[in-house]
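Engineer: We have chain A; now place chain B onto it with these hints.
Line by line, the protein sequences are chains A and B.
So the first sequence is residues 23 to 565, counted in my numbering.
So the second sequence is residues 54 to 254, counted in my numbering.
Incorrect hints may appear among the rest.
[As the list claims (entries may be wrong)] Going by beta-carbon spacing under 8 angstroms, a handful of chain A positions derived as facing chain B:
#1 Gln347
#2 Pro348
#3 Asn354
#4 Arg357
#5 Ala358
#6 Asn377
#7 Leu379
#8 Val380
#9 Glu382
#10 His391
#11 Asp503
FYI, nobody ran anything at the bench for these hints, they're computed from the structure.
These figures come from a predicted structure and were not determined experimentally.
Glycine residues also receive a C-beta, built at the ideal position from the N, C-alpha and C atoms.
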Amino acid sequence: MSASARAEAPEAPDWRVLAAYLGLYVLLDWLSYIHPVAALAITPWNPPPALSLVLLLRYGARVWPALFLAAFAAEAIVRDIPLSPAYAVLSSLWLALGYGAGVRLLGALGFDRRFFGLRDLAVFLAVVPPLTLVLGMGYVAVYVYAGLLAPGLFLESSLHFWIGDMVGVIVLAPLLLVLGPALPGLARWRPTAEHWAQAGAILFTLWLIFGVEATDEFKFFYLLFLPLSWIAVRQGVEGAAAANLAIQLGLIGALQWRGHQAATVQEFQFLMLALAANGLFLGMAMSERRRALAALAEREGALGQALRSAAVGEMTSALAHELNQPLMAISNYARASQHLAGELAGPDTLRQALNSLVAEVGHAGSVIHRLREYYRYGGLHRETFEARPFFEASLEPLRQRARRHRIALTVATDDEVGRLHADPIQLGIVLHNLVSNAIEAIADTHAHVREIAVHVGRPDRITLRVCVDDRGPGVDPAQADELFSPQVSGKAMGMGLGLSICRTLVEGHGGRIWHEARAGGGARFCFTLPILEDELGSDGLHR
Amino acid sequence: MEATVCIVDDDISVRDSLSLLLGLKGFRTLCYACAEDFLDTYRPEWGGCLILDIRMAGMDGLTLQQELNARAIDLPVILLTAHGSLEAARTAFRAGAVDFFEKPVDGELIIAAVREALERQSGRHRQRQEQGRARALMAQLSERERQVLERLAEGMHTREIGAELGISPRTVEVYKNRLMEKTDARKLADLVRLVLEARSQ
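Chain B extracted, bound-state conformation:
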């Protein structure tokens, strides 16, 4: 699904004006009057980012941010507040906010923050794809192949690996070639990256 900027603010004029501005700049937007409405309609396949007001009736913006983290919903968050405090900003950034603005703020700055958020999100998206590919490749390997691969990634020599696994260096060499072939790697460094990506969180 196309990246969407979700605006959660209990003030209708702020919602409307932001959505108009972002819409004119070519972003797809969705508006919610409260945090609960957003949580009720959210679908995991959505990509994009969130613009959150902090002080709202019901669940406030910072709590929604925590809730998203708790539910592992990976949407970058931009916080807006009409009631700025250092403490709130600190909490927001600790929870991974992209940016924090005190109202009124120039829309240009919000747009810049939205761009950054979307980039960050697509970056994370790409990273997740790489990770998925690496894990899928690893899953195809046989037990012995994986043992050899892991030791290669740790920087061990063919001879050491052979000694540790109780096979000849020659056989290790055969495994290595087979691994390169299977994973489409051109050099040893590609193998190392594959292992690291698969292991990354």
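Excised from the complex, chain A in its bound form:
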């Protein structure tokens, strides 16, 4: 299933959208109608197809008649060729259907029209050049057949068409794609000082290249990489796309102003292509990185909070245990004293005081009990999810941490592990704790086998079992019994409290956690979780 098919089904376009498209298409065609070949739509810069491509991506292949209309209107209005309306119809039809097929191809290759990642950009840049080349050759063939172009000019004219449309699409379409979702907020957008500086840098560079007589325009063209890289790094793909368009406009303007020949404009357009692709890649990489960092920060924030709350819960639990023992003893001693007081036949007030003492101890006990219950069950937020992808995704950051200690973390997952109804953050804490302990156990040693093996399996119908094996020094047998008990005096996030938290969290999910000594050295920590019951039903296992 392709990414574009996952995006919501395209809606039907409003008539105003179509009207705007037609108007803009013709306007852009008219504006960019420079250095035409034989008065045809063959120019070194041809941005209108970018509008067509984006319209198709947004509303689906069914809008192709609009493309045909736009192309035909442009032929009729911008280029006065009433001499061959039949050929204009033919060429316009060819372009409309061709872009329709191109969008289908993008979809098949998994292109997401939200233009979200490097993959989308790579697919886009791989499809557009051959697509525009094929379209150009078809378009030129129509007019060669019509006799408006000499057959000897076929290849040259195709090349002209190709560069113009290719650069037009690659410069304009990304901007339309990334700005589409941001359009409602655009009215409130205010440029900052940095934006002005960036715009100034582009203008200054263009002036340096084209305005100063002493500089060779071609040799100095690559200075444009500087402002573009600056913008891409700071503003991501949105900034890069906008800068590409600004540079393209400036470039065409400058070339027209200097009165360059069509051949020169074409050569500059090839340079523009390299520049635009570079800017987009850099910007996209920055945008991806920014998104990944934001997601990571959010995840770590949630994890940190959950970990803190788990630690508080564990401390409360440990404290409750430690306080309940002396409270119990106090209560017993009070009852015993009461008995002794009865023997002495002393004043009644003593017996009453002892009665109150017992009652107060009971009160203290219930306060502690409530506090403990609050922290034990307060933070459990269950969700339903597939176990296998969850564990694989959760282990990925740990794999990277293990790699830093030259430890290989291998994960084996049974095929059918089913779904869980559990708190993913709490399970993340458990997994994080167990694997971190394993990494720490190996990291400080000079062991040859630096390996941690995680196995996620389904030992029986209703149970999921996760085992973390390491070849570290293993657990001191003297400590084995105490592993999961809270160590009140231990370091806050140390082994003691960590495993104790794990036990609380796993048991809170109705599972079990334990430790086994591994034959041949090392430790194995396992925990189980119940598999979601209705999953069992839908598996047909009950039937």
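Structural biologist: Chain B alone, transformed into the frame defined by chain A:
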């Protein structure tokens, strides 16, 4: 041996205070700091009950309870915990616990539970004695007498029994009288109870 309340708890103050309180109330107590110590010193002739802490270093209280069941040691168990959980309580009661308390609990409640445990145990003790007597009596009977007794207990008539065993109803009647005499039974119901007791587990 006199009924003894064995207290197994790894907290010395809890052990000491409980033993003082129970001692003052007239119970004989023995204290152990861990489950293993108790198992090492236990003698089968001991009667009484156990007060067990759940979370202890080494073998925990619930495991000790299971172990007692596995070894067929018939001592009623009261569980105490400073770390109560529904799951632990469920496990304890499934394994036949008399009661389950979260610390701190009023000693009066523990005493009541100990009384109940001891009653239950002596009840079981009496029941075991009855069973022993019934089995001993049954063992004294001849093969034919036992056949007649079992059929009587199932509610068969003299005639039916005679027909099934191939003897006359009259002879069955003779056996019946002899059985009443031997087992000291006054009425037929006493015979029926004897058979049921001997069969009970």
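Engineer: Each hint: holds or not?
Structural biologist: Comparing the hints with the structure gives:
1. Gln347: 4 angstroms, holds
2. Pro348: Holds: closest Cβ of chain B sits about 6 angstroms from A/Pro348, inside 8 angstroms.
3. Asn354: 3 angstroms, holds
4. Arg357: 4 angstroms, holds
5. Ala358: 4 angstroms, holds
6. Asn377: Violated, about 10 angstroms.
7. Leu379: 11 angstroms, violated
8. Val380: With a minimum Cβ separation of about 6 angstroms from chain B (threshold 8 angstroms), the hint on A/Val380 holds.
9. Glu382: This interface hint is violated because 10 angstroms lies over the 8 angstroms limit.
10. His391: 7 angstroms, holds
11. Asp503: 6 angstroms, holds
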